[in-house]
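Enquirer: Here's the letter readout for the chains.
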Amino acid sequence: MNAIARAWDSDILYSFRRTPVAVISAVILLALLIGAVLCRWVAPFDPYDLASLNLMDSFQPPAFITDGTAQHLLGTDDQGRDLLSAILYGARLSFTVGFSAVLFAVVVGVSVGLLAGYAGGAVDAALMRLADVQLSFPAILIALLIDGVVSVSLPVAVRDSVQIYVLIFAIGISFWPQFARTVRGSTLVERGKEYVLAAQVIGLSRSRIMLTHILPNVLGPVVVIATLTIGLAIITEATLSYLGVGLPPTQPSVGTLIRVGNDFLYSGEWWIAVFPGVTLLLIVLSINLFGDWLRDAMNPRLR
Amino acid sequence: MLTLILSRLAQAVPVLLVVGLIAFGMFKFVGDPVTIMLGTDYTAQQKVDLIHKLGLDQPFIVQYAKFMWDAVHGDFGVSYRLARPVMDLFVERAPATLELAFCASIFALLIGVPAGVYTGIYRSRPLSRLFMIVSLIGVSLPTFLIGILLILVFSVHLGWLPSFGRGQVVKLGFWTTGFLTSSGLVALVLPSITLGLFQMTLIMRLVRAEMLEVLRSDYVKFARARGISSRAIYFGHALKNTLVPVITIIGLQIGGIIAFSIVTETVFQWPGMGLLFIQSVQVADIPVMAAYLMLISVVFVLINLVVDLLYYAVDPRLRMSRGGKARA
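Taken in sequence, the protein lines are chains S and A.
Position one of the first sequence corresponds to residue 0 (numbering that gives the first Met the number 0), numbered consecutively onward.
Position one of the second sequence corresponds to residue 0 (numbering that gives the first Met the number 0), numbered consecutively onward.
The hints are simulated quantities; they were obtained by calculation from the structure and are not laboratory data.
Honestly, I wouldn't trust all of these hints.
What follows is a set of in silico ranges between Cβ atoms, one per label pair, in the way DEER data are often shown [said to hold, decoys possible]: (1) S:F263 to A:V185: 35 to 41 Å; (2) A:S229 to S:S266: 52 to 58 Å; (3) A:I21 to S:L102: 24 to 30 Å; (4) S:G219 to A:G172: 53 to 59 Å; (5) A:L179 to S:G120: 57 to 63 Å; (6) S:V122 to A:I246: 32 to 38 Å; (7) S:R158 to A:G172: 23 to 29 Å.
In silico contact screen, one side only, chain A against chain S (beta carbon under 10 Å); selected entries [claimed, not checked]: (8) G19; (9) I21; (10) I105; (11) S139; (12) Q252.
Computed from a predicted structure; not experimentally measured.
Backbone N, C-alpha and C fix where the C-beta goes; we use that ideal spot for every residue, glycine too.
Only chain A is shown next, with the shape it has when bound in the complex (with noise of 0.2 Å):
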């Protein structure tokens, strides 16, 4: 167990580096934010006390140092955009973001799952039907497109859900959250859907597969020749049995979650990190982007320790044959 989590995180430091790598990269070679922060009237000594205060002219050895070793500490310096500490900017986004993702992620799994296996169990009942046809159009959908068509039909027409921001937050310490008031959970509603969906229909068509699987094998068919309950059957015997690949595949798209909800947020208009971080690439903010591009790769490495731990955790062939592949 604890040689998988250290060889993990010996693997974790050259890719942080590289991306570290990356994101200084882009503070060295990419655009210019003198010009940027100066705007168009400015004097040469105004460049001269600018290009001395970030540090622009030191060596490029000490500067990637210093990038580092401030990033270790969270300090990413100043956006060239809101001229605020960019860490403090995804302190206060990153609660927004965590709150969709949270309640996309319960949306999928609570609808998911339970598809899952009753179109797995009643393969050709007409719910059946729908709720693949309803998958297929789910993984073929943008998920731009589906929130484009949701704000078209609930916001334009009807007018029912609110399409756009978060409505009204509470604050709590350094956290908002929009679950405390009405106008916050409504807000929520169309997002989630939008972000939950092509998980949803992923999970679904995962879940089907492993029941039907599961149904056709010796043990199900010995459960059934002992006269047990097809709910026993069901939820006792196949379903669990088919928890192994569906927990990888949550774990893995967590990080979907976070990659798509740069694209719900834009939509939404969701004040969360993708919106700026996409903000931030329209105006070339390289200290955001560059925080960004850390952060998401600290994220990354980690939810796949936590997949690997928990693939190791579910099956136990995996604690038989040390250091296995834990990937299906």
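Extracted from the complex, chain S is given alone in its bound form (with noise of 0.2 Å):
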């Protein structure tokens, strides 16, 4: 049996093809991912070309009401952007500091928790303390405050260009705990089991035994955690950009084009803001329901 065969018979994927909402939810999610990170090729226009900008077609609505035109399908915004356009780019940025997040959150919290766990003692107390006390603050507003401190402290020349990187590092960092606790947990289970006993007899050093022995048995959970996070991330990136802290105008993720058209909802230009709203709300519900089948999937017990 060949190894596209075997993984279609293996458990996980049964599971999924037995899911309808699983399925749905992927196919959204790859059809959303695809749009964005091809968005130069998919989109219809280049939002960040100026050149293609023009007021005269700005405040279109969308093609399916009277006065839309079929060349913008989702209408323009109040610069005369085409708003499907700005949408997919707008994912892009959303789907990168997402993912960029969750990554960072995972390195530090299965790294905190891989060693607090394994080493013990007044390390695994002192760092578990600081996951303690970090837990106990909502995870958005540490990233609010870091957002905004750090944004602060930067000189408004580079702002605008360094913003991604400062709401990548917000934002990992008020997640890394739950990774740090769940790996924590594994790792003191692992620890006593006969093949890391084994290898330290075998006299393997430690950063060994943990990187190459107990790792890739802790990390089962941690795909869990990290896919129903990256929901969370996107959501505090969309809520930092729609409060002004996050993503730059120049820039817009979602959460900037929903802000942009917020002022807009009394004039009568709904789409500006519901159609970036939709998408978000698809991206997260996607990603949620996909997140909790596969901790269904992945939990023993539920079989």
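Each of the two chains sits in its own frame; use the hints to bring them together as a complex.
Expert: Shown next as structure tokens:
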């Protein structure tokens, strides 16, 4: 039996095929991801290309209501930017920030968790105390405070261009404790098992045992939490951008687009805020549904 | 009990000192208040005078000690943006935030707990499914988007409810309240729903999960076998035992409500502390940011203390094993 057939028959893919919610959310997510990654080719216009902007095109309603044109499927914003293109480019930024922030949180959290769980003693106590303290504050507040403090301390000239890294750092830092706690718990279990004892007996270094022996065995739950955290990270990014401390209007994420659209709610141009909002909802909802399925599928007790 | 309180307080002190250091560090290294306050047109002498007046020419340690000493006494200096004492600004805006948080919590509890009990008991009824769908959307929709959609439907389209501000407020001493006028009450509706929806779905899901767990337990089976009425089982036996985690979550969610009040207040231009903070971040108004940082950490330390104590009071098992971890 070749590898593809074996994978197709595996428990997890069997469960995937049997769960319509998982399939649908995965398809939506994949479509959005592809659209966002390939936005340069998929999007009808380049929203960053100032030459293609025409103020005469501003506030065009979406194609399916009267006065709309087929040229701008979802209408245009206040500067005549094609909304569909802006959303695709914005979704790419949202995904980028979401994935990078979670990656950052995973690296920090897994390292801390491994170290705390394997070293034990005072190191463990200190690191977990730190995680406890941080967990007692909501993640979004931590991200907002870090983002606010860091961005006001940067010189105005570079603020916009490095804002995306500040965001990734701020959001990543706010999510590491969950990973650290989970990994620490599983490391404590693994540490007592025979294969670790065997590795210790043959004299392997501590870092080697942690990284090549324990790490692969504690990553399972991390995958599940990471999936669900990506949804949270994207929401956090959108919220910060909406509040005006995230990505700047020159580099609009989905959240920034909603912030811009918010100003035109009362004058009837609802689509400028609503379509980015629906996109955000679709992204987060499909990530959450997919993550829920993944959590159940990877929990052997529920099989 | 006393040792628990003392150990929690002992943990709180370093946290507050570090937060204080960050807050002070912002003063020292971030932005330049002098140029912000002077604008573009000033003489060298004006600049020197202002630096001296703000105490920016003293050594680091002196400034830090002075900062902490003043902070403990509720003095956070003068806002760069509004040129008024920061503490006055917070006192003025606290009622708006607290009333909003209060209404949001009441909304979350009054809908969340009954909905959780209902969906826990009748798992497959259509109404339960509807609740679960609403809760899934509530979890996935960011707070600010909920607010925008509510404004779009109820303010812009239907024109039923106001979309910004507190409406008419009544002054009671230093407290301003929106509870006593009809425009104040109406103005509270949309922000409270926006702020409370996430907490509501959380409470509902938690109560539901706990109910499902408890209803499967032996003592409920025995209670049924004894012929006790369903109502007594659900509310007397089952609900009571679901309350331990619910209390913790609600306690911790007060923190969440404070955090998300920043978002809700921005959406609805609600004149509370969160809006003040966001406006301060945008213009680097350090004294207000520092004060908010300090205040919010004190609030969170207190919330966590109260939650731990409540846990201790509600769950007798924790009293047996002294100093047990008070976290689920």
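Enquirer: Each hint needs a verdict: does it hold in this structure or not?
Expert: Verification of the hints:
Hint check: F263 (chain S) to V185 (chain A), Cβ distance near 24 Å, so the stated range 35 to 41 Å is violated. For S229 (chain A) and S266 (chain S), the Cβ-Cβ distance of about 54 Å falls inside the hinted range of 52 to 58 Å, so the restraint holds. One distance hint, 24 to 30 Å for the beta-carbon pair I21 (chain A) and L102 (chain S), holds here, with the actual separation near 25 Å. Taking 53 to 59 Å as the suggested C-beta distance range, the pair G219 (chain S) and G172 (chain A) conforms, at roughly 58 Å.
Distance hint check for L179 (chain A) and G120 (chain S): the Cβ-Cβ separation is about 58 Å, which falls inside the suggested range of 57 to 63 Å. Roughly 33 Å separates the CB atoms of V122 (chain S) and I246 (chain A), a value that falls within the hinted 32 to 38 Å. For R158 (chain S) and G172 (chain A), the Cβ-Cβ distance of about 42 Å falls outside the hinted range of 23 to 29 Å, so the restraint is violated. Given the 10 Å rule on beta carbons, the hint for G19 (chain A) is violated: about 14 Å separates it from the nearest Cβ of chain S.
A cut of 10 Å between beta carbons decides the hint on I21 (chain A): the least distance to chain S is about 7 Å, and the hint holds. The closest approach between the C-beta of I105 (chain A) and any C-beta of chain S is roughly 20 Å, which is over the 10 Å cut-off, so the hint fails. For the restraint placing S139 (chain A) at the interface with chain S, the shortest Cβ-Cβ distance is roughly 4 Å, inside the 10 Å limit, so the hint holds. Taking 10 Å as the C-beta cut-off, the interface hint given for Q252 (chain A) holds, the closest approach to chain S being about 9 Å.
Violated hints, listed in ascending order, are 1, 7, 8, 10; each of the other numbered hints is respected by the structure.
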